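Asks: Going line by line, the protein sequences match chains A and B.
Oh and the first sequence: position 222 is 222 in our numbering, straight run, nothing missing.
Oh and the second sequence: position 282 is 282 in our numbering, straight run, nothing missing.
Source of the hints: derived by calculation from the structure; they are not laboratory data.
No experiment lies behind these values; they were computed from the predicted model shown.
Every residue, glycine too, gets a C-beta built ideally from N, C-alpha and C.
Check before you lean on any hint, since a few could be wrong.
Said to hold, decoys possible - Sample of chain B residues facing chain A (criterion: CB under 10 angstroms; computed from the structure):
#1 Asn73
#2 Gly79
#3 Asp99
As the list claims (entries may be wrong) - Below, a sample of chain A positions facing chain B; criterion: calculated Cβ distance under 10 angstroms:
#4 Val84
#5 Asn133
#6 Arg135
#7 His155
#8 Asn159
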Amino acid sequence: MRRLALVIWTGLAVTGGTLGAGNIEGTIRVTRRLTRQRVTPVVPAYHRGVVAPAEQPSAGWDREELDRVAVYLESSAELPSTPVIAQLEQRGRRFLSHTLVVPAGSTVSFPNRDPIFHNVFSLSRAKSFDLGNYRQNETRSVVFTKAGVVQVYCHLHPNMAASIVVTPNKWAAKPSPAGAFVLEAVPPGRHAVVVWHPSAGSFRKNVQVGGGAVQLDFEIPVDERQP
Amino acid sequence: MRKPPFAWRVFVLAFVPVCGVLVGSLTAVRMMMADQVKEGLRSSLRQTHEFLVRIRSQQELQNTRMLSVIAENPSLKAGFALLRLAGAGGEQERRTLEDQILEISQSLGFDLVLAANHDGEWTAGVRRQGEGWTQVDRGNVERSGSGLMRLEGKTYAITAIPVNLGEENLGALAVGRLFDFSEFTTPAVLTHNHRVLESNVPGVTRQEIEAALAGCESSSECELRLNGETYLSLPVQKLSLGRGYVVRSLQSVDAASMPMEVVMTRVLRLAGTVAVLLLVGVSVVASKSVVRPLTDLANRLSENWKLGEMKPVNILATTREVEELARAFNHAALALSDAQGRLSNAYLEFIQSMASAIDARDVYTAGHSLRVSEYSCAIGQAVGLDEHELEALRVGALLHDVGKIGVPDAVLQKPGRLTDEEFEIIKQHPVIGKRIVERVEGFHRYLPIVELHHESFDGSGYPHGLRGDEVPKEVRIVRVADSYDAMTSDRPYRKGMSHEAAMEILRQCSGTHFDPELVEAFASLGSNPVRGRDLVSLAEAVGTSGNVVLPELAKEWQQ
């Protein structure tokens, strides 16, 4: 309901707008959210021969978190989407990278760069698929037509996970390591800029584009991830 | 060689067997206690084993549960399924599974994780090495199920379960812990086909244990010596370790029997010593009590023997046998003394005959021998001779002139004075008498009287001219009595002297011819020296057995 209202509202804003296209620039700052203190020791602490690592945030944690962030534009107006061909590698028993942002209609290939088998699949509403087991340097690809977040896993390796954010239009980006993002030449009108993080969720800010750049800053409180 | 006394024999026979029984029973007790100690060790080992087996099976159960959960992990199952589909050649599939196992192993507390394909071959595995993990070289892995597994010089206790997908078996998953003796409260040894793999016996190398175990059956109790100590070794039963693997726990028999040894030593020292002492005492008393009646009897007999008599002994024996012995001896003694008495009577008769013969040859000196004997006895009594000496004196005096048998009648019965030649012949009679008497057995005690009765106190006599104490006392007595009787007797050519006159002469010649002491003793007897004696004594002098040889003489003297 809320979304519907938003779409109507932005639609009104866009049609009513008379100004030219402009850039939306901004920075995303990842902050640490205070969480309940963990009192339960981690599993390895029970095991002999293993020293439980001291709990301390690694130095570049916010950069890692920024890598998971996707920024895209939502608009009530029909904005064009230009499909791309993207890659989500499996290397070192991980997906590279954690978050892939592609416009709707894009084709994503999943090359296996590990010397072991992987089995990429997703059960997400936006796109569910199972690529089956395949060996090193083999690749399989999937076309994502529907916008939405697709969670991708490996059947053989439960710890592997990645998110593919299929955006409704071509205005989508990942922030730079410093947290900066630019959505270039956004058609004038009223839009919403969405910042998405897998655990923190979506953060939405409305924006009026009409000549000139718009500055938009986000602050995302992220829970510290369990190791 | 002297024969051992009877007491010794009895002592040895009493002491040795009982001592043997004592030592034997102590040894038996000791052995039984040693057995007891071993039995105790055995049961304590068995208890330990049961405890161990329980712990092990509990661990096994826990491991199995844990494995069951892990084996249901869909990713892992997918990995197994991948391998199953790939078959033998799927190296990448194998690596995939190995990678999965590595990932799992890091969060489990085991030292070894293995995966087998559906043929039961261990195809992938990782083991803990230091801080990290390394892959297991498949070539080294034994094909086995649960139990122990040797890998890269280490021993792992393995728990394995099958991984199934529905009805289909995909393979097996196993986890292993490094085998150690942490649950063992006793020293223990792990062997595989008689080779010692692990041991926690302090201060002993595996080779030493292997050598000590060489004689042991793999699945039975065994005793072995390590470092000079004896150990009882019992294989742990009911512990599923796999083919050829045996865990033996050890218990030091020496350490366990130490308290018993101490007790036994104490018992041996105390009770043993007391028992042996007691035994010695009892044996001594027993041997004495057995032997005493015999020794008593023997002593009495030997006393008799010393006295030269065969007197009956008192029958005071405490045992029947000794009493019988004494009685038998008494019978023999009585018979013997009877015979002896008869023999001595015969002797006596012979002596009296001889005396009579002498006297009969010289009618003038009739009864001389008998009177000399009588006087001699009187003097002997006065100077305190004992019974035996008096008896010898009496018989000796009777025989003193026996040598006169060898003197011709012409000389002996010559009425007038003797010439020197004739007197020389007379002087031969003691020597002749000696020659006669020495040939008669049993008459040797009378020899001195026969031979020396003419020796004087000052050495002026004949035949040897002995003096003083050189002549025995009884001979000196006979000398006095003989002279007195010669003087007081009537002779064809003269009348006999009176007692006083004769005594006067005796006194005059006291110290020269006669022993002064004896002369004094004779004088003290009074005018009629023989009257002092009673008639019985006289009769005795004539003949002890009452067999009066010369009744007329006896009658004469009795008047």
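Asks: Run every hint past the structure and note whether it holds.
Replies: For each hint, the structure was consulted:
1. Look at B/Asn73: its Cβ gets to within about 8 angstroms of chain A, closer than 10 angstroms, so that hint holds up.
2. Satisfaction of the interface hint for B/Gly79 is found here, the shortest Cβ-Cβ separation to chain A being roughly 6 angstroms, below the 10 angstroms cut-off.
3. Because the closest C-beta pair between B/Asp99 and chain A is about 5 angstroms apart, less than 10 angstroms, the hint holds.
4. Annotation: A/Val84 was flagged as interfacial toward chain B, and the flag is violated, the nearest CB pair being 31 angstroms apart, outside 10 angstroms.
5. The criterion of a C-beta within 10 angstroms of any C-beta in chain B is met by A/Asn133, whose closest approach is roughly 6 angstroms, and the hint holds.
6. Taken as an interface hint, A/Arg135 checks out: its beta carbon lies about 5 angstroms from the nearest beta carbon of chain B, inside 10 angstroms.
7. Look at A/His155: its Cβ gets to within about 5 angstroms of chain B, closer than 10 angstroms, so that hint holds up.
8. Among the interface hints, the one on A/Asn159 holds; its C-beta lies about 7 angstroms from the nearest C-beta in chain B, closer than the 10 angstroms criterion.
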